[in-house]
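Kindly generate the complete structure, drawing on both the sequences and the hints.
These protein sequence lines map, in sequence, to chains Z and B.
So the first sequence is numbered by this note's numbering: it starts at 1 and just counts up by one.
So the second sequence is numbered by this note's numbering: it starts at 1001 and just counts up by one.
Hints are computed from structural coordinates only; laboratory data are not their basis.
Here the structure is a predicted model, which means the values were calculated and not measured.
C-beta atoms are modelled at their ideal positions from N, C-alpha and C, and glycine is treated no differently.
Incorrect hints may have been included.
Residues of chain Z placed beyond 12 Å of chain B at every Cβ, according to the derived structure [said to hold, decoys possible]: (1) 36; (2) 37; (3) 39; (4) 40; (5) 41; (6) 43; (7) 44; (8) 62; (9) 66; (10) 67; (11) 70; (12) 73; (13) 141.
Only pairs whose alpha carbons sit at most 30 Å apart, straight line, appear in this in silico DSS-like list of lysine-lysine [said to hold, decoys possible]: (14) B:1110 x B:1156; (15) Z:68 x B:1156; (16) B:1133 x B:1156; (17) Z:70 x B:1156.
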Amino acid sequence: MRAEHIGSSIVAITQVDEMESGRLAASKWEMGRRSHVSCLDLLLGFLTVGMIGFGGIANALFHVVVDKKKWLTSEEYTMTFGLAQILPGAAPINTSIMIADRFRGFRGIVCAIGGLLCVPLISLIMLAMVYDHFADVPEVRYGTIASVAAAAGLSLGTALKASFRVLHSVPRIIMAVASFAAIGIFRVPMIPAMLALMIAAFAFDYLGRGK
Amino acid sequence: MNLAGLLILAISFATTALVSFGGILVMVPEIHRQSVEIYHWANDAEFASAFAVSQMAPGPNIMLMSLIGWRAFGIAGLLVATLAIVIPPGILAVVTGRMEVKFSTSAFFKLVRSSLPPIVIGLMMASGFITAKIAVEGFIGVFIAAGVAISVALTKQNPLIPIVLSIAVGVVAGHFGYMS
Chain Z
1 MRAEHIGSSI
11 VAITQVDEME
21 SGRLAASKWE
31 MGRRSHVSCL
41 DLLLGFLTVG
51 MIGFGGIANA
61 LFHVVVDKKK
71 WLTSEEYTMT
81 FGLAQILPGA
91 APINTSIMIA
101 DRFRGFRGIV
111 CAIGGLLCVP
121 LISLIMLAMV
131 YDHFADVPEV
141 RYGTIASVAA
151 AAGLSLGTAL
161 KASFRVLHSV
171 PRIIMAVASF
181 AAIGIFRVPM
191 IPAMLALMIA
201 AFAFDYLGRG
211 K
Chain B
1001 MNLAGLLILA
1011 ISFATTALVS
1021 FGGILVMVPE
1031 IHRQSVEIYH
1041 WANDAEFASA
1051 FAVSQMAPGP
1061 NIMLMSLIGW
1071 RAFGIAGLLV
1081 ATLAIVIPPG
1091 ILAVVTGRME
1101 VKFSTSAFFK
1111 LVRSSLPPIV
1121 IGLMMASGFI
1131 TAKIAVEGFI
1141 GVFIAAGVAI
1151 SVALTKQNPL
1161 IPIVLSIAVG
1171 VVAGHFGYMS
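Structure below.
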């Protein structure tokens, strides 16, 4: 049920083309000076994010950081999230780390991530134990298969939706097909696959500019 | 405590995290490849159930890997797996965050931003494909996956609705013997 998160994540990453770097530069923020946010504030704020973050934490993070606590303006948040998105790892977690680092440095990160993960991890283990207890009930197994099938459909559908707006040139279609084939069909290990794909994408980009 | 196993878990998940462009769910094929095919921390059915359970809990997607760590090595595995996914990209995030504007206006940043989306789309397709191969059996499973895919691709409604509907369809179909 990470639906909205994946949705927002891939949609945002497909919008990046359109973002002008000038606009990014213009929205440089002064967060470093807002030192009124203490480690305890971070801990409690991110505790809330973890607790209410059903269906991925991206929406909950925005709600707490921007709407409720007003630690960042909407624009600052969007910029931070945009940066986090082109980095490896989960974008909402990277965003949380960047925010906490701005306010309180390393100790802030420890408080924020500790707060963010403790409730979800405890719930995860409790759910896993409940699941194990009922794993022999056939209906639970059917429900599991159905929810994984739905998750598969969700990934395919999200990719399809994004491809309508992203795959508008032959090199881009080639890149998408190549990454699908490498990982989905040939099961190439991710690190060499990503390296090769990125180099190919950079090369296409470079050749495209030469025209 | 199985220290060698934990070390392999940490290295495997940390390196996966470092190339997880496009989020952790895009990495499902790689996580599956490592935890089922190479290191045998789980079999296909356990992987599918970990996937389902980690989706039901509140919190970030990375908990699929936390749960695999817990299943294989207990509480130490849970912590090692979680930290292995959070820390390496986290260090990059801190460095990037501190460079902030300087980085976001650089040519490299723009290059990555325009090159990444097609790759992420391919990876996400692969993720859906592999996830389907792991768990989908029979006509009903294909029907559910295709139905959710079409509704997500063509409508703007909250995907939670088709997913909850899918689980209901699966339970009912299974109850009447239409799911193996």
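task = Taking the shortest Cβ-to-Cβ distance between residue 62 of chain Z and chain B, state whether it exceeds 12 Å.
result = 14 Å, holds
ask   = Is it correct that the beta-carbon of residue 141 of chain Z has no partner in chain B closer than or equal to 12 Å?
value = 7 Å, violated
Interface exclusion of residue 70 of chain Z relative to chain B, criterion Cβ beyond 12 Å = Given that every Cβ of chain B is farther than 12 Å from that of residue 70 of chain Z, nearest at about 20 Å, it holds.
key: Claimed clearance of chain B by residue 44 of chain Z, with the beta carbon kept past 12 Å   = 16 Å, holds
task = Please confirm whether residue 39 of chain Z is truly not at the interface, meaning its C-beta sits more than 12 Å away from all C-beta atoms of chain B.
result = The assertion about residue 39 of chain Z holds, with a minimum of 16 Å to chain B.
task = Take the C-alpha atoms of residue 68 of chain Z and residue 1156 of chain B, compute the straight-line distance between them, and say whether it is at most 30 Å.
result = Cα-Cα ~26 Å, so holds.
task = Just double-check residue 66 of chain Z for me: nearest Cβ-Cβ distance to chain B has to come out over 12 Å.
result = For residue 66 of chain Z, whose nearest Cβ neighbour in chain B is about 17 Å away, the distance exceeds 12 Å, so it holds.
ask   = Given the hinted pair residue 1110 of chain B and residue 1156 of chain B, is their alpha-carbon gap at most 30 Å?
value = 29 Å, holds
query = Are residue 70 of chain Z and residue 1156 of chain B close enough, with their CA atoms no more than 30 Å apart?
reply = Holds, at roughly 29 Å.
inquiry  = Confirm or reject: residue 43 of chain Z is not an interface residue toward chain B, with every Cβ-Cβ distance exceeding 12 Å.
reply    = 16 Å, holds
key: Beyond 12 Å from every chain B Cβ - status for residue 36 of chain Z   = Fine: 19 Å to the nearest Cβ keeps residue 36 of chain Z off the interface.
ask   = Checking the smallest CB distance to chain B, is residue 37 of chain Z really beyond 12 Å?
value = Nearest chain B Cβ is 15 Å from residue 37 of chain Z, so the label holds.
Hint violations for this structure: number 13 only, all remaining hints satisfied.
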